[in-house]
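*Asks:* Spelled out from the first residue to the last, the chains are:
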Amino acid sequence: MSNVALEIRALRKSYSNGFEALKGIDLTVAEGSFFALLGPNGAGKSTIIGIVTSLVSKTSGTVRVFGHDLGREVQEVKRNIGLVPQEFNFNNFEPVAEVVVNQAGYYGIPRPEAWKRARRYLGELGLWDKRKDMARTLSGGMKRRLMIARALVHEPRLLILDEPTAGVDIELRRSMWEFLQDINCDGRSIILTTHYLEEAERLCRNIAIIDHGRIVENTTMRSLLAKLDTETVVLELRAGAQQLPAHDSIRLRHIDELTLEADINRGEDLNNLFQLLDGAGIRVQSMRNKTNRLEELFIRMTQAAESGGLSARGAS
Amino acid sequence: MNPLHLQENWTALRTIVTKEVLRFARIWVQTLLPPMVTMALYFIIFGGLIGSRIGEMDGIRYMDFIVPGLIMLAVITNSYSNVVSSFFSSKFQRHIEELLVSPVPNSLIILGFVGGGVARGLAVGVGVTLVSLFFSPFSLHSLPVTLSVVVMTSVVFALAGLINGVFARTFDDISIVPTFVLTPLTYLGGVFYSVSLLPDFWQGVSQLNPILYMVNAFRYGLLGTTDLPLGLSYAIIIAFIVGLYLVALILLNRGVGVRS
Ligand SMILES: Nc1ncnc2c1ncn2[C@@H]1O[C@H](COP(=O)(O)OP(=O)(O)OP(=O)(O)O)[C@@H](O)[C@H]1O
Ligand SMILES: [Mg+2]
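Residue numbers (the numbering used here), protein chains in the order written: chain A, 1 to 316; chain B, 317 to 576.
Chain A with its partners taken away, still in its complex shape (with noise of 0.2 Å):
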């Protein structure tokens, strides 16, 4: 069992009001891995994080970490585990690095030591410096990594972020990236939830997508993006085209005036792009790939899993 970070088993949960947030969810988390698990709002993620995490009680199913079961071992399972909540949830009130300090002290290590760690992860998240400030004065993507310095200072084996890019500028989101991706090196399995697809992309090796609280896809990253047969470029024109030549394995279609997007079949050459468009005396100023690749995936499969589409529900 020991090669396994997480093992859910027919996991349920019914909230007081009724609702049914997760109906029977399988979910299989190697050790070492760096796991998305993605889906559109409200679809059962953090039910999924909260019931690992002892936040929120589970209605039926096993959930095992490292081999210790939810049930009977809670202690050993929660020493296993580092949570970066959705929501910020430390004490507002509270001077930086005690959020950080107090967090080892509830896992019994010593203060001096919690120091050591608190000095170290607030380091390398750039925070060192305003470990005096309270909590509350610090900026939004400080206050995400300030929660990840705090899921990091007992040293989990499996660390869970529950969207924690999720208002952080760019620049940020990838050194955060990096941050993680040194962890994942250093041997600790990290399961992810992002509404940015890229981010999923970037980042890992195995993915599950969940909807309507059911596991919808559950595969690695590779097999998922091979199911794209399609390549889609943007293309920029010099002038508006009135008439669209048509292809069999190149779709065009319009999405403002001077703009194109093409969807290409896997293995067909881009010259016969250009060969097609030049024939319709279409001339192209400029072309980029279609960034998020996923995000079509992930849309076809949301889609498919229900009729009703992502759109009303409006994921990001």
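Don't read these hints as lab results, they were simulated from the structure. Bear in mind the structure is a predicted one, so any value in this text is a computation, not a measurement. Watch out, some of these pointers could steer you wrong.
As the list claims (entries may be wrong) - A few chain A residues that don't get close to chain B, going by computed Cβ distances all over 10 Å:
(1) 50
(2) 78
(3) 87
(4) 108
(5) 138
(6) 187
(7) 206
(8) 246
(9) 264
Stated by the list, open to error - Output of the computed footprint for chain A on chain B, the stretches with three or more beta carbons under 8 Å from beta carbons of chain A:
(10) 351–359
(11) 406–417
Unchecked claim - Now the stretches of chain A that chain B is said to cover, found in silico as 3 or more residues with beta-carbon under 8 Å:
(12) 88–96
(13) 226–237
C-beta atoms are modelled at their ideal positions from N, C-alpha and C, and glycine is treated no differently.
Got chain A sorted already, so can you dock chain B with the ligands onto it with the hints?
*Replies:* The following block gives chain B with the ligands in isolation, referenced to the frame of chain A:
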């Protein structure tokens, strides 16, 4: 509690108590000062101005009679309100989750919060005692009785405050019990008069009030007089500690008010 983790648990408990003490110490103007000011007013008005016309109560100068009761009143309300507001705000701001995700056993969470409440109760108790020295000579009949009664009473109300904090959903919920239950019971618990003055019926009713026994036992510790048997007071206090502790433990184990 796992004996293997004794050292860790001790560190965790110390962390919680330290954090709780720092919390009220940081805002001492709101937590430590007001009870001393209020009690000074009680001493001046009831003890000094009105008390001089009352004469003696149970053979004791009225001012001296009310000192133990007023110290106890301060200890009770401060132990209670420290825990209820600290626990409620930790739910409200969600940092209770820091404790819930950690391996700290619920029994230690209770002990930690109670430790903070007792620390505040005793700090205010000492402060009010110092204020009382301006009005009444210090008297100590039995140090062990005084200390044990004040500490155990403080534990009772810290536990009660914790239970209130578990159930509280709004800021109103944390002031209802102190206003409508604690203060009246304390006032009617023989702080200002000896129950022996009351008609038989009301004496009987008063004896249902647990605070009466605590105030009486404390007054015995300081002055050496009491209307009630000391052993009964101890039995009642201990019964409350055990009962409230068990209720608090069951509530936390079930995750009432903290886990959805
Ligand atoms: N305490 C609660 N009581 C009742 N329903 C709840 C509670 N918490 C969450 N829910 C419901 O459970 C569902 C799943 O919520 P959850 O927070 O797990 O979603 P999520 O996938 O984390 O969404 P997001 O991406 O918006 O964070 C939602 O429909 C939510 O309204
Ligand atoms: Mg969520």
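*Asks:* Each hint: holds or not?
*Replies:* Hints, one by one, checked against the model:
no., hint, verdict
1, 50, "violated, 8 Å"
2, 78, "violated, 4 Å"
3, 87, "violated, 7 Å"
4, 108, "violated, 2 Å"
5, 138, "holds, 15 Å"
6, 187, "holds, 21 Å"
7, 206, "holds, 24 Å"
8, 246, "holds, 55 Å"
9, 264, "holds, 47 Å"
10, 351–359, "violated (count 0)"
11, 406–417, "holds (count 9)"
12, 88–96, "holds (count 7)"
13, 226–237, "violated (count 0)"
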